[in-house]
Structures are given as C-alpha cells and as structure tokens.
Amino acid sequence: MPETLRDPTPSEPDHEPESGPPAVIVGVDGSDSSLAALRYAADLAPKLGLRVRALAVWNYPSFLYGGYYPQMDWTPEDDAQRIVTRSAEEVFGPQPPEWFATRTRQGRPAEVLIDESQHAEMLVVGSRGHGGFTGLLLGSVSAAVAEHAHCPVLVVHGR
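Residue 376 in the working numbering sits at position 46 of the sequence shown; the count goes up by one each step and never skips.
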C-alpha cells in the first residue's frame, strides 16, 4: 500500500470557542467574493443580535514542507493577518464596530472553517476565492464547507 503524504502543519485540534455571544464566522482570503461575504454578514448579523468574526486561514506553502523553513521576512501567518485586516478596513473603514473581530488560524481552509462551524451560529463564505477557476459555481472550499459544516452555511456570490 503506498504511503500517504500528510500535511506537516495540520489545523489546530479541539479549538476552543471564543467567549461572548454567538458569532457569524466569515472566511476571508482578500478575494472579491470573500469581501462580498463579509459585507453580507456585517449587514445580517447585527439584525440577529450576533457578532461577526472574520477568519483568514494560513498554512506553510508546499515548497516549504519537508522540514526546511528558511529564514524569511515573509510568513504565511503575517500574510493572513494582513488579509484579514485589509478585508475589515475595506468593509468597515478604520473603526470596525464593537461586535466585529478578526482572527487567523493555521491549517487547510475547508478543514479549519468546518471546525470553526462547531461553535458558530452561521458560517459565511464567498463562492470562489483566489484559487477559483472562472465559471465555476462554487470553489472547493465553499463546496466542502456547505456539505460538512456543523451550522447553517451562507455562500455569497460576489459581483
């Protein structure tokens, strides 16, 4: 039987939910589709008395696997933080509302979002992120999340 390759940096197991009222979690990657998802959640959640958390997922690029991580000024975690911060500024401006928070997590996007859905009232994702092929109705992450999440999922199609 051939050996299966495993991701050396799996998503965080048994993630603890944040304290406070339930949240709508929005997967963001900086794409137009994820910004549309964040805008939609920002409009919907306050009407339902829910807070919003924008989540950017990061992982080490595949060329770094194998145990060698050279010293670099760039890290995928910093990149994810920049993406989630820029997304928040794009939607809310310089002062986001008190019911809004950002977060980053390491792992594969679909797996992390599905894990996060265990503690969410709703998960909101864009229909296609930066890795999407033009013309596809759903990207692989949004399709996986819609099928396997533990809470309702809203897939927003950007313009």
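No lab work stands behind these hints: they were computed from the structure.
It cannot be assumed that every hint is accurate.
Quick list of simulated restraints, FRET-style, between CB atoms [stated by the list, open to error]: (1) Pro-427 to Gln-448: 32 to 40 Å; (2) Asp-403 to Lys-377: 40 to 48 Å; (3) Pro-482 to Asp-408: 30 to 38 Å; (4) Arg-416 to Leu-484: 36 to 44 Å; (5) Ser-470 to Gln-436: 15 to 23 Å; (6) Asp-403 to Pro-482: 38 to 46 Å; (7) Thr-415 to Asp-373: 17 to 25 Å; (8) Asp-403 to Pro-376: 34 to 42 Å.
Note that the coordinates shown come from a computational prediction; the quantities given were computed from them, not determined experimentally.
Backbone N, C-alpha and C fix where the C-beta goes; we use that ideal spot for every residue, glycine too.
Hint check results:
1. Taking the beta carbon of each, Pro-427 and Gln-448 are about 25 Å apart, not inside 32 to 40 Å as hinted.
2. Taking 40 to 48 Å as the suggested C-beta distance range, the pair Asp-403 and Lys-377 conforms, at roughly 42 Å.
3. The given range of 30 to 38 Å is respected by Pro-482 and Asp-408, whose C-beta atoms sit roughly 32 Å from each other.
4. Look at Arg-416 against Leu-484: about 22 Å separates their beta carbons, and that is not inside 36 to 44 Å.
5. Checked against the hint of 15 to 23 Å, the pair Ser-470 and Gln-436 passes, with Cβ atoms roughly 19 Å apart.
6. For the hinted restraint 38 to 46 Å between Asp-403 and Pro-482, the CB-CB distance of approximately 40 Å keeps it satisfied.
7. Remark: the range hint 17 to 25 Å for Thr-415 to Asp-373 is upheld by a beta-carbon distance near 20 Å.
8. A hinted range of 34 to 42 Å for the beta carbons of Asp-403 and Pro-376 is consistent with their spacing of about 38 Å.
Hint violations for this structure: numbers 1, 4, all remaining hints satisfied.
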